[in-house]
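Novice: Starting from the structure of chain A, add chains B and C where the hints point.
Note that the protein sequences, when read in sequence, are chains A, B and C. Taking our numbering, the leading residue of the first sequence gets 9, the next gets one more, and so forth. Taking our numbering, the leading residue of the second sequence gets 320, the next gets one more, and so forth. Taking our numbering, the leading residue of the third sequence gets 24, the next gets one more, and so forth.
If you're looking for bench data, these hints aren't it; they were derived computationally from the structure. Keep in mind that a hint or two might mislead.
Stated by the list, open to error - Computed list of lysine to any residue pairs in SDA-like fashion (alpha-carbon distance at most 20 Å, straight line):
| id | chain 1 | residue 1 | chain 2 | residue 2 |
| --- | --- | --- | --- | --- |
| 1 | A | K47 | B | N432 |
| 2 | A | K146 | A | A241 |
| 3 | C | K161 | B | L336 |
| 4 | A | K263 | B | L336 |
| 5 | A | K116 | B | L336 |
Predicted model only: the values in this text are computed from it and were never measured.
In case you want the letters, here they are:
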Amino acid sequence: MKRVQVHIAAAALVVVSLAALAAACGGSGSTAGASPKQKINLVAYSTPETSYAKLIPAFNQTSAGKGVTFTQSYGASGDQSRAVAAGQAADVVHFALEPDIARLVDAKLVSPNWDQGQYKGIVANTMVVFVVRKGNPKHITTWDDLTKPGMQVITPNPFTSGGARWNIMAAYGAQLKEGKTPAQAQQYLSTLFHNVPVQDDKASAALQTFTGGKGDVLLAYEQDALLAQESGAPIQIVYPPQTIEIQTPIATTVKASAAATSFVKWLYTPAAQTILAQTGYRPVVASAESAFSKAFPSAQTPTEFTIDDVDSGGWDDVMTKFFDPTNSVMQKIESSIGVSTSS
Amino acid sequence: MIVRLGLRFIALAYLALLLIVPVTIIVVHTFSGGLAPVWNSLTTPDAVAALVLTLKITLITVPLNTIFGITMALLIVRRNFRGKALLSALIDLPFAVSPVIVGFTLILVYGMNGWFGSFFIDQGYPIIFSTPGMVLATMFASLPFVAREVIPVLREIGTEQEQAASTLGAKGWQTFRRVTLPAIRWGIVYGVVLTTARSIGEFGAVAVVSGNVIGQTQTLTLRVSQEYQNFDHIAAYTAALELAVIALVTLFLMNLFHPRKDH
Amino acid sequence: MTTVALPRRRASGAARPSVAPGVAITYLSVIVLLPLAALLWTSKKGGAHAFWQAITAPDAVAALKLTLGAALLVALINAVFGTLIAWVLVRDSFLGKGVINSLIDLPFALPTVVAGLTLLTLYGPNSPIGLNITYTRKAVVLALLFETLPFVIRSVQPVLLELDREMEDAAASLGARGHTIFRRVVLPNLLPAILSGMALAFARAVGEYGSVVMLSGNVPFSTEVASVHIYSQIQSDYVTGAAAMSIVLLAISLAVLLSITGLQRWSAKHDR
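With the rest of the complex left out, here is chain A:
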């Protein structure tokens, strides 16, 4: 009686399951394995989307790029890197910081020689800037202004966001450049973080938080800030006296098609670098630099240092020293905030 009812229901379940899974698999289209010659799977962090919207059609106009189709995926740099490591199809990867490529090298998805080329694998630069309310009502101009009592600084959570890590190294490096000792620079970071009321999980969320009305100053990528300004957000960019040069790395995966390699090569041509400059990046090719100043005449160029200037061991060293969740500079700082603010 009831057994038969349950039997029928179960049989139906099996049949429908198999049919549905078959439909789903068939419908999704195979994305595994080497891509056909004319297709490129681009996996990038979130802000290059506007740049690639212009770059891809331009590439399609060239002889190397004729007939090449793209799939595009954008998201937080760490998330995207992790996804590719877990199996997401990718031919070209463009991330916000080098550890996200290193993860793929460890997973044997990207060749260890990815950064041996002329441009060391960096396709476009930007920098950490201050973003303030229009008119700069709080008169923020230097890194010391950020640690004034009562100042509210917005930056994302350093354990979830690549952007936050650049922000912290910019602040730390600026202190070193001002002549402070590492211990004093770490103390600066601690004071700075006591002024951070919100830690969004991603850089894009932090930008939304700031434009939504919270905080006096936001630490952000120049490129993000330029795009936000262009879309009408009531903000203005203040260039710190010294800041870190954000180098965004690009690489092809080991299984990538020939078209992918041509595409990445093309990205270093003056034409492509000009497009990058027009969408807010600082080009790596000298001849395209004027395109940036033409597109953004009010942009300044402060003194810049790189991650290797801050720590000769580069990001590898920095990740362990500053961002290990169990024991590191930032972990200690976050704990000290908690002790003083947990109620």
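Specialist: Relative to the frame of chain A, chains B and C by itself:
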């Protein structure tokens, strides 16, 4: 009476603050630039692809979870076996699993370094970062609803009618179709509505396993998030409104076919 | 339950092998249990010491405390307001009730990011009603209240509908006042449904991410909830830590759900 009006006021005020005003804001923001931008946002190829994908996933998830829910309800209510309470709690567990965790665990199982990932990937049918993975995540998140709604109804109606039917000579399937099913149909309908609503709205878990490939593995909810980040607020709110409208239409249809027994 | 003395077709529990429950359980296993097993296995991978370290780290403990405390508070608030709203929807009658009734399920359909967006607009720095509570612990509660709104209401409504009015009428005719009737006649009958709704609300609240991450500010030790903490561990490649925290959260939810099921069975036995 004062009490009646007082209660009504409190209830409506609470709902207004928490539910009605927020929804109104979505509508207002969506149309803040007029109708044209909304129409544009709805009809770009990527927006249409997102809608189609959302519906596709929902159309797979809902029937499967419905059949599962009915089966489980019959099992839990009409049978007795050890571990029944545990099974009932396990069915409810997806409510408790954070979407962050759902995506995480699916990658642990079906990711390249996961338990079965390489098997599927090598066959050319990857689960993760493809529609099957998104379906699995959505199935997980919306699993409990039909079972939850059917179980109390099954309990309530008891076995009298079914036993009567069987003494009158009805076979198993006949009894199910003509006695049990009609009696539990409102539980099923309501469970289906909730499952549909949940499937359409699933965001967190799908975000982790989708790969977010524009035009291919981006659902409507992922589109909302992406467009908002790109400062295309109108597109984001439009997609959000689209989702809310689909949900409301489902709810409306449910209410149309099932006027509650308001005496 | 029913006590009609009809002859049974066959003895209950007769051992006719049945494949149907097996298939359904397989479905459950593939969809739910398999991923959770992988989670459990991952959490144990680093050994017991790593597991313990991950869940007793001060920021982990703080996140758990905040999450469990907020979830409990939300369950309690829902118990009160949910019952009230269910009462009004069932017993009262006014223009637009049908629409309001349909809206109750909206939190299930709205993606959490949208819920977060709109609550942010309404109760954030640019609040049109001047109420700014974002980036505080109150905001965690607010987001959770939105996401768990339907549970108690939908749990209580069917029971209220089925409730026999005779007892209430009898009590009234014996001179009992409204609130006494409610407290002594109605409430005991509603209690299992309320508790069930509370358990679901609690379980849901414990895992919520999308709306909370937008509203709460995520400051460790202050406004960081467990799900955000887990996400940050995943992002830091601290996979065993993330798995360990997840298992703890799930174990607590499972315990709550089991105790409520047990309570329901107990009350069903003592019914009528």
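Novice: None of the hints should be skipped; say for each whether it holds.
Specialist: Going through the hints against the structure:
Proposed proximity of K47 (chain A) and N432 (chain B) is contradicted: the alpha carbons are some 25 Å apart, above 20 Å. A threshold of 20 Å between alpha carbons decides the hint, and for K146 (chain A) with A241 (chain A) the separation of about 18 Å falls inside it, so the pair holds. The hinted pair formed by K161 (chain C) and L336 (chain B) meets the criterion: a straight-line CA distance of about 15 Å does not exceed 20 Å. Among the hinted pairs, K263 (chain A) with L336 (chain B) is inconsistent with the structure: their alpha-carbon atoms are about 54 Å apart, more than 20 Å.
Straight-line distance between C-alpha atoms of K116 (chain A) and L336 (chain B) comes to about 52 Å, which puts the hinted pair past the 20 Å bound.
When each numbered hint is compared with the structure, violations occur for hints 1, 4 and 5.
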